[in-house]
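Novice: Sequence:
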Amino acid sequence: MTDNRNTIIAVVLSGLVLLGWQYFYNIPQMEKQKAQQATQAQLANPAQPQPGSTAPQPGSAPAPGAPSNAAPANAPISRDTAIAATKRVKIDTPRLAGSISLRGARLDDIALTKFRMTVDPTSPPITLFSPSGTAAPYYAEFGWVGATGSNAKLPDANTEWTQEGSNALTPSSPVVLKYDNGQGLTFTRTISIDDRYLFSIKDDVSNAGSNPVTLYPYALISRHGTPHVEGYYILHEGLVGYLGDKGLQEYGYKKIEEAKQVDFSVTNGWLGITDKYWASALLPDTNAKLNAKFSSALTGTVRTYQTDYLQDAQTVAPGGTTTANARLFAGAKEAATVGLNFPIAVGLGGYNQSLGLNHFDLLIDWGWFYFITKPMFLALDWFFHLFGNFGVAILLVTVLVKIIFFPLANKSYASMAKMKAIQPQLQSLKERYPDDRMKQQQEMMEIYKKEKINPVAGCLPVLLQIPVFFSLYKVLFVTIEMRHAPFFGWIKDLSALDPTNLFNLFGLIPMDPTTIPVLGHYLHLGIWPIIMGITMWFQMKLNPTPPDPTQKMIFDWMPLIFTFMLAGFPAGLVIYWAWNNLLSVLQQAYIMNKNGVKVELFDNIKTTFSKKPAEKKS
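Numbered according to this note's numbering, the sequence shown spans residues 9 to 626.
No lab work stands behind these hints, which were simulated from the structure alone.
There are no misleading hints in this set.
Derived pair list, reagent style DSS-like, types lysine-lysine, alpha-carbon separation capped at 27 Å: (1) Lys161 <-> Lys95; (2) Lys410 <-> Lys602; (3) Lys297 <-> Lys254; (4) Lys410 <-> Lys460; (5) Lys186 <-> Lys210; (6) Lys419 <-> Lys460; (7) Lys301 <-> Lys262; (8) Lys457 <-> Lys602; (9) Lys98 <-> Lys186; (10) Lys122 <-> Lys284.
Take the sequences, apply the hints, and build the full model.
Specialist: Right, dumping it as structure tokens:
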């Protein structure tokens with residue numbers, strides 16, 4: 009009766025684990041793609057009102073939601089229409105395409121040409137910035153605000169700038185914009201760009217008037233509308249910055265909505281807005297004193313989010329000139345570009361090192377266990393540059409990890425082998441003391457002590473996998489290098505699920521089982537998760553059948569449970585687990601044979617499929 013009860017409990021708990029994992033992981037993963045498609049449809053067919061104009065306040069950066077008048081406030085328009093509505097300067101670099109609006113001199117039209125919406129190379133490029141007046145404005149703005157009481161006419165979001173010359177902005181040709189306020193102040197903005205994602209903005213103000221003018225340089229990044237986020241605890245999306253002695257500051261969209269505004273007075277900082285793979289960030293001079301701010305406001309029906317900073321005042325004497333410098337990162341969060349700050353990665357270069365920034369590598373969310381995830385990424389990236397395939401890199405890193413932990417795993421498997429060798433002695437204890445479990449335990453510990461066996465050593469291989477599994481999962485999940493990285497055959501994206509599905513016979517049946525109401529979320533099982541389940545089943549069969557029925561039931565169900573659990577993980581992680589299982593089987597079989605213990609793999613498999621003799625009826 010007790011054995012039956014334990015078996016029922018084991019099955020119920022296994023089912024709960026499976027259902028819980030599907031609910032908290034698989035369902036959000038599958039909904040993610042649908043939400044992203046809906047977001048793209050919204051961008052293509054805008055249907056939400058835009059906030060009205062908000063004027064900058066004296067002595068502070070412009071408030072969130074200060075759009076130009078590119079479109080009526082209550083009539084959102086497409087990106088193409090908004091872009092065509094203003095005179096613009098073309099941006100043309102190896103990695104970026106877009107334009108600068110001469111109205112407000114805003115950087116509000118940027119697309120990442122090296123990255124596509126899907127694995128199809130003909131799909132549209134990733135859009136980062138969009139102009140005001142569209143469904144989801146997102147832009148960077150630079151300028152000056154006056155001191156309290158100042159009546160100087162300063163350029164704002166609606167100012168029409170003029171371009172000197174007619175060249176496009178390229179890595180070899182900066183753009184010069186000018187504005188004369190008609191009161192003696194001439195504003196000259198020089199914008200340059202490198203061959204990656206860094207804009208440099210130099211603002212000069214010349215005073216031909218008779219009175220000194222005090223101005224504060226500012227920079228801001230503003231985003232209108234709450235964007236779709238992945239919604240996972242291990243990934244930060246929203247407002248981010250490393251602000252001097254305040255350290256890393258991360259405010260998700262909900263968090264900043266509740267806080268409304270957070271102020272920082274710091275030196276040596278940067279701040280911006282990050283998505284999973286893309287980001288924009290203000291990178292002021294490292295010695296600049298900043299009055300920085302994260303903020304959110306509701307303007308009309310639209311929620312806006314903004315990061316900005318205001319620098320110390322500069323006074324322009326009559327006949328004099330003053331200058332403010334700013335930088336903007338707008339692009340993909342590539343580790344080599346951002347600058348991976350890790351002792352063995354000094355040679356990677358990147359903005360963190362070349363600009364002397366303060367932990368700019370943390371723009372990538374390496375997590376609390378960065379000391380594991382960074383080395384994991386570096387190893388994968390190194391093998392990728394050798395062999396040109398991240399899937400092969402995962403296989404080789406798995407072998408490398410096996411080699412590193414070989415001594416510990418050997419001890420563990422050797423202990424397990426000894427455990428198998430003493431099984432007859434343990435069985436005789438049960439027969440000798442059938443009703444005295446205390447005596448059984450005492451005698452069992454004596455045997456362990458005599459044979460120098462650690463009874464929990466068998467857990468070590470599993471424990472060793474946990475940090476490796478987590479770090480690989482984190483790298484696959486957050487690094488853009490893994491996005492759309494193919495393996496072989498049908499795996500076109502290691503960071504996505506295996507696209508095949510057992511429940512439509514791997515494409516032979518023209519239907520998508522995941523769309524079936526209620527059960528659809530559970531009906532995704534690709535080829536690689538099945539391979540992983542088979543390798544785990546082989547690993548379980550390498551051990552003798554447990555005498556306890558409950559343990560046997562758990563071991564029998566475990567490969568199936570893990571098969572469905574890992575079906576919702578990125579394909580790269582499932583490939584790692586399957587390959588690791590196979591290596592573990594070979595390693596364990598070798599050590600068992602070395603210790604004189606019979607390898608019972610094929611015997612156990614044969615027993616599993618052999619017909620059990622019918623019980624005799626009394």
